Amino acid sequence: MAKRGTALLQGTLDLLILKALATGELHGLGVSRRIEQITRGTFVVRPGSLFPALHRLEEAGWLASTWQPSENNRRAKYYALTRAGRKRLSDETSEWNRIALAMARALEAS
Amino acid sequence: MPLMHRVFSLWRNLVHRDRIDRDLDEEVRATFALVVDEKIAAGMQPDDARRVVTLEMGRVEVVKEQVRDIRAGAFADTVLKDLRYGARLLQRNPVFAVTATLSLAIGIAANTTIFTIANALLFRAPAGVSQPDRLVDISRAEEGKAFPYNFTTSYPYVASDEPEARRRWNGRSAEAGRVD
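Keeping their order, the protein sequence lines are chains S and V. Quick note on numbering: the first sequence equals residues 24 to 133 in my numbering. Quick note on numbering: the second sequence equals residues 2 to 181 in my numbering.
Think of the hints as simulated: they come from the structure by calculation, not from any bench. Just so we're clear, the structure is a prediction, and the values are computed from it rather than from any experiment. Think of the CB as a built atom: it goes at the ideal place given N, C-alpha and C, for glycine as much as any other residue. Treat the hints with care, as some may be off.
[To be verified] To give an idea of the chain S side of the interface with chain V (calculated C-beta under 7 Å), a few residues: (1) GLY84; (2) ARG97; (3) LYS100.
[Said to hold, decoys possible] Per label pair, the in silico range of CB-to-CB distance: (4) S:ARG121 / V:ALA101: 53 to 61 Å; (5) S:THR65 / V:LEU11: 33 to 41 Å; (6) S:ARG128 / V:GLY87: 49 to 57 Å; (7) S:GLN60 / V:ASP78: 46 to 54 Å; (8) V:GLN92 / S:ILE61: 49 to 57 Å; (9) S:ARG128 / V:ARG13: 38 to 46 Å; (10) S:MET126 / V:GLN92: 55 to 63 Å; (11) V:LEU11 / S:LEU130: 39 to 47 Å.
Here chain S stands alone, though its shape is the one from the complex (with noise of 0.2 Å):
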């Protein structure tokens, strides 16, 4: 996972993974494009972290994965969330919100 800045936390990409997913299909680089777009540019993925995590979820039953016709006449392999890994990501929000609060709170914490 090349960063241009800040390391990814264990178990970040995962949920980094699915929320880029929540908007619909998408292909693998379409995937590591959207969580640049949406952290910014603070996470860029490389494909050598996000195939073993795309191929991860799909075994845990988070992603589902279809063979479709991309932009320029390829054939490239689509992901989108299963049922389970909506629920997934739900979960691992307010998850991660949960900790979010708790560990700003200890940093400010005098």
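Fit chain V to the supplied structure of chain S, relying on the hints for placement.
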């Protein structure tokens, strides 16, 4: 992680390995090609584009290997590869293979023999004893103090030569120091 999915994936990965691998190859290559196409469309020479993309994204084979590492059954896959590698090495060097096999055989045989003997002598009840937990050890004592040295005798000795002692102990079998 939902277990059913993992089991299903494991099955799929082990049974349809070739298809899964082709699929992965096509997926990663297609992604690279997509970026290369973009660079070419932006005015880069094809060769330069391919080189730049490899630098940016890593090599296709490396990415594929990284995906294989996280798959369900990756461990079984590694073990199989190791076994095949080991078999090839042994084939290539038969003298070593024979020596190693013989050493193992001799080691296992020696251990088995020794354990069989020790098991029969030390851990099992002696033959003919129906209630081994009621065996008693008799030794001689003087004025309430145990005799300073402890001499024991073999069970067959007591069984054959000391009918007197066995009777005295109410029909119990006895392992005993000889009582004079």
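Results of checking the hints against the structure:
Below 7 Å, beta-carbon pairs count as interface contacts, and GLY84 (chain S) has one with chain V at about 4 Å; its hint therefore holds. Using the Cβ-Cβ criterion of 7 Å, the hint placing ARG97 (chain S) at the interface with chain V is satisfied: the shortest such distance is roughly 5 Å. Annotation: LYS100 (chain S) was flagged as interfacial toward chain V, and the flag holds, the nearest CB pair being 5 Å apart, inside 7 Å. Hint check: ARG121 (chain S) to ALA101 (chain V), Cβ distance near 57 Å, so the stated range 53 to 61 Å holds.
Between THR65 (chain S) and LEU11 (chain V) the C-beta distance comes to about 35 Å, which sits within the given range of 33 to 41 Å. Distance hint check for ARG128 (chain S) and GLY87 (chain V): the Cβ-Cβ separation is about 55 Å, which falls inside the suggested range of 49 to 57 Å. For GLN60 (chain S) paired with ASP78 (chain V), a C-beta distance near 36 Å fails the hint of 46 to 54 Å. Under the hint 49 to 57 Å, the C-beta atoms of GLN92 (chain V) and ILE61 (chain S), about 54 Å apart, fit the expected range.
Judged by the Cβ atoms, the range 38 to 46 Å given for ARG128 (chain S) and ARG13 (chain V) holds: they are separated by roughly 45 Å. Look at MET126 (chain S) against GLN92 (chain V): about 57 Å separates their beta carbons, and that is inside 55 to 63 Å. Distance hint check: the CB atoms of LEU11 (chain V) and LEU130 (chain S) are about 42 Å apart, consistent with the given range 39 to 47 Å.
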